[in-house]
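Asks: Sequence lines, in order, name chains A and P. For the first sequence, position 260 (counting from the first letter as 1) is numbered 751 according to our numbering, and the numbering increases by one without interruption. For the second sequence, position 193 (counting from the first letter as 1) is numbered 458 according to our numbering, and the numbering increases by one without interruption.
These are calculated hints, taken from the structure and not from any lab test. Some hints could be false.
What the hints assert, rightly or not - Partial selection, computed: residues in chain P whose CB lies under 8 Å from chain A:
id	residue
1	ASN339
2	ARG342
3	LYS343
4	LEU347
5	LEU352
6	ASP355
7	ASP369
8	GLY372
9	ILE483
10	TRP551
11	SER555
12	HIS559
As the list claims (entries may be wrong) - Which stretches of chain A does chain P cover? Using the computed rule of at least three CB atoms under 8 Å from a CB of chain P, they are:
id	segment
13	577–583
14	597–603
What the hints assert, rightly or not - Here's a subset of chain A near chain P, in silico, CB distances under 8 Å, partners left out:
id	residue
15	HIS511
16	ARG514
17	ARG587
18	PRO590
The beta-carbon is built from N, C-alpha and C at its ideal position, and this holds for glycine as well.
Residues per chain are reported as follows:
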Amino acid sequence: MREGTYVSQTLALVGRELKHWYRSKIQIFMMAAQPLIWLGLFGFAMDGLMRGFDQELDYFSFLCIGMIVVTALTASMTAGMSLVWDRRFGFLEKVRAAPIPRGVIPLSKIIATTVKAAIQSLLVLVMALLLGLDAGGLSAVSLTVIIISVVCVAMTFSSIFAALGLIIKNQEALMGINMLLNLPLMFASGAMFPTTALPEALRIVANANPLTYAADAIRNSWGGMSSMVSVQSLSLVGDLIVITAFALVMTGASMFFSRRTLRRE
Amino acid sequence: MSNILEVRDLVKRYEKDVLAVNRISFSVKEGEVFGFLGPNGAGKSTTISMITTLLTPTSGSVTLDGEDVVKNANSVRKTIGLVPQSLTADDELSGRENMRLQADLYGVPRKIAEERINELLGTVKLEEAADRRVDTYSGGMRKRLELAEGLIHRPKMLFLDEPTLGLDIQTREIIWEYIRKMKEESNMTVFLTTHYLEEADALCDRIAIIDEGEIKIIGTPAELKDSLGGDIINAIICEDTDLSGSILEMAGVSSAVREGFGYCIKTKDGERTEKDILAVSVREGWKIESISLHPPSINEVFLKYTGKSLRDEDRGSNRHEIRKQELQNIRRRG
Ligand SMILES: Nc1ncnc2c1ncn2[C@@H]1O[C@H](COP(=O)(O)OP(=O)(O)O)[C@@H](O)[C@H]1O
Ligand SMILES: [Mg+2]
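Next comes chain A alone, as it looks inside the complex (with noise of 0.2 Å):
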C-alpha cells in the first residue's frame, strides 16, 4: 500500500460520517432548536432566580458561555450510538474487513464528531449573539479560545463515547448510559452554574470535570467575563492546558482500548 494512506482511510471515513450529516436535515433543525429552547426558556427564566444568589451575577451570559461547551458534549454522544448503528447495518463488519489499523476506526468517529460538534457549538453562539449575548466580548482571541475549548470538549468526550459504542452493542443500554451521564457531565461543572453555587460533593466532581475548564477558557478569554470562571487560580493558558491534556490523552486511550477491543472479536 502506498504512503499515507491511513490518512486517506481516516479522511474517507470521516468524509462519510459528515455526508450523512449534513444529508439529514431533520438533525440539522434539531441541532439549533435544542440549544434555542436552553437559552430561551431557561437563560431568561433562571436570569432572575439566579440574581437572588449573586447580585453581580449575569447569569443568562454565563450561561450562554455553558451552552457553548454543553452543546459540544451532547453532540459527543453521538459517537458511541453512530458505532451501535454501524454494528447493526453492518457496516462495521465492511471496515473490520479493510485492511485499515483498527485504532483509524474509533480515531475517525472522534474527528468526525469533533468536526460537527464544533459546528454546532459556532452556531450556539451565534444565536446567543443574537439573543443578546453582548458581542463586546467576541474577539480574534476568544473565538480561537472558543474553538480549542470546543474542540478539546468534543475529542474527549467522543473518545469515551466511542470507546462505549464498541463494548456496549446494544442500543438502549447505550441509550440509558448516555442519559445517565449526560445530565452529571453537564450540571457537576462549571458550565450551567458557577462551581460556588455547587453543593462540596458536586464541586468536587466539577473540579475534575474538563467542562468546567473548557467554560473557564472561554471566560477567561471573553472580555469582561473573567470574573465568572470556576478555578480562580487558573488563567487562560493553564485552562487551555489542562483540556489539551484531557483531549489528547482520552482520544490515544479510546484508540488503544478500541484496538484491543476489536482484535478480541
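We have chain A; now place chain P with the ligands onto it with these hints.
Replies: Only chain P with the ligands this time, still in chain A's reference frame:
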C-alpha cells in the same frame, strides 16, 4: 498448483456449549472455485469469519498466501476480498459513493479507482442506479453492489458467503456469471458457501460438505457423485407380481426395491438398465406407468454423508414423497 489457503485443525467455540466449528482441515488451490456446502448453522459463516480475520479462532491455524491470518491480519486483508452474508453497504450513500469509500479503505489510487468503479458497476449491471442512494435499491441490487465492492482492490482470493441466498433468479444468474468470469479472466481463487446444491454443483471445482461444524467429505462434484456408485431409476410398473427379482438379474443392477407398484433401482449404467427394462416389458407385457432415470446428484451425496436431505429443508418435500403420492393415486385408480 500451489495452495493459497491452508486450514489446520480449526476450532471455534462460541460459548461453553456452542461448538460452531469442530477441528476442520482443508486447503484451497490457487485459481480454483472451492465451495462449502451445508445447511443453516453448519458453521460456514463462522469459518469464513475466521479466515477473513473477523473472528479469532479458538484453536488451529489458517495460512493465507503464506501469511498467518491472526499474526499478519492486515496483510491478509489486503490479499482478500469479502462479500459477507449480511449486507454492509452504507445505505445513505449512493452506490458509487460506497464504491469510492471502499477504494479509499483499500488504498486504491483515485484515478485507477474511477475506472474500475465504472467497469465493476457495469459487470453487476448497476450503471443506471449508480448515483442513487442505496436505500432505494432492491435486495438483489444491494447484493450486486456488495459483489462489486469486494473486487475493487483486485484481491487474489475472494470470499462469498451465501452469495445468492434469497435472491431472484435473474440476480442469481448475474452472480453465477460473475463468478465464472472472475475465474476465467483473472484466475482469481474463489471460496463460496452455499446451501443450494445446484449452486455448488454448477460453480465449484471442489466441494466440501460441512455439517454440524465438521467436514464430511471433500472432492470434485464428479468424485462425490462417483462415490455413490451409480445412477438411480424410479419406475412404476402396474403388475401384481413382484418384479424386483427379474430386474436384479439385469446387467449392472446392484439393488431393486419394491414399494407397491414403485421400484427404486440402483445401477452402474442408468441408460442401459432403462433400455433393458423397456425391452423386457415389451416381451413380458409389463404395464409401465412411468420410468425415470436420475443420475446421482449432490443431494444424494449430501444424504449419504450427513444423513440429511438439503432439499427437505428448502422445499418441504422431496422426490421420494412425490413418488409415494403418485403410487397412492395409482392404487386408488386401480
Ligand atoms: N455470535 C455467536 N454466538 C453464539 N453462537 C453463534 C454465534 N454465531 C453463530 N453461532 C452458532 O454457531 C453455529 C454456526 O453458525 P454459522 O457459522 O453462522 O452457520 P452457517 O453460516 O453455516 O449457517 C450455529 O449453531 C450458530 O447458532
Ligand atoms: Mg451463514
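Asks: Run every hint past the structure and note whether it holds.
Replies: Hint check:
1. ASN339: Given a least distance of 5 Å, the restraint on ASN339 (chain P) holds.
2. ARG342: holds (4 Å)
3. LYS343: holds (4 Å)
4. LEU347: For LEU347 (chain P), the interface hint holds, since the closest Cβ of chain A sits about 5 Å away, which is under 8 Å.
5. LEU352: holds (6 Å)
6. ASP355: Constraint on ASP355 (chain P) satisfied, holds at 6 Å.
7. ASP369: holds (3 Å)
8. GLY372: holds (4 Å)
9. ILE483: Hint on ILE483 (chain P): violated, closest Cβ of chain A at ~26 Å, above 8 Å.
10. TRP551: With a minimum Cβ separation of about 60 Å from chain A (threshold 8 Å), the hint on TRP551 (chain P) is violated.
11. SER555: violated (49 Å)
12. HIS559: Violated. Min distance 40 Å.
13. 577–583: holds (count 3)
14. 597–603: Three-residue rule not met by the segment 597–603 of chain A, so violated; n is 0.
15. HIS511: holds (5 Å)
16. ARG514: Where the cut-off is 8 Å and the nearest Cβ of chain P is about 7 Å from ARG514 (chain A), the hint holds.
17. ARG587: For ARG587 (chain A), the interface hint holds, since the closest Cβ of chain P sits about 6 Å away, which is under 8 Å.
18. PRO590: Hint on PRO590 (chain A): holds, closest Cβ of chain P at ~4 Å, below 8 Å.
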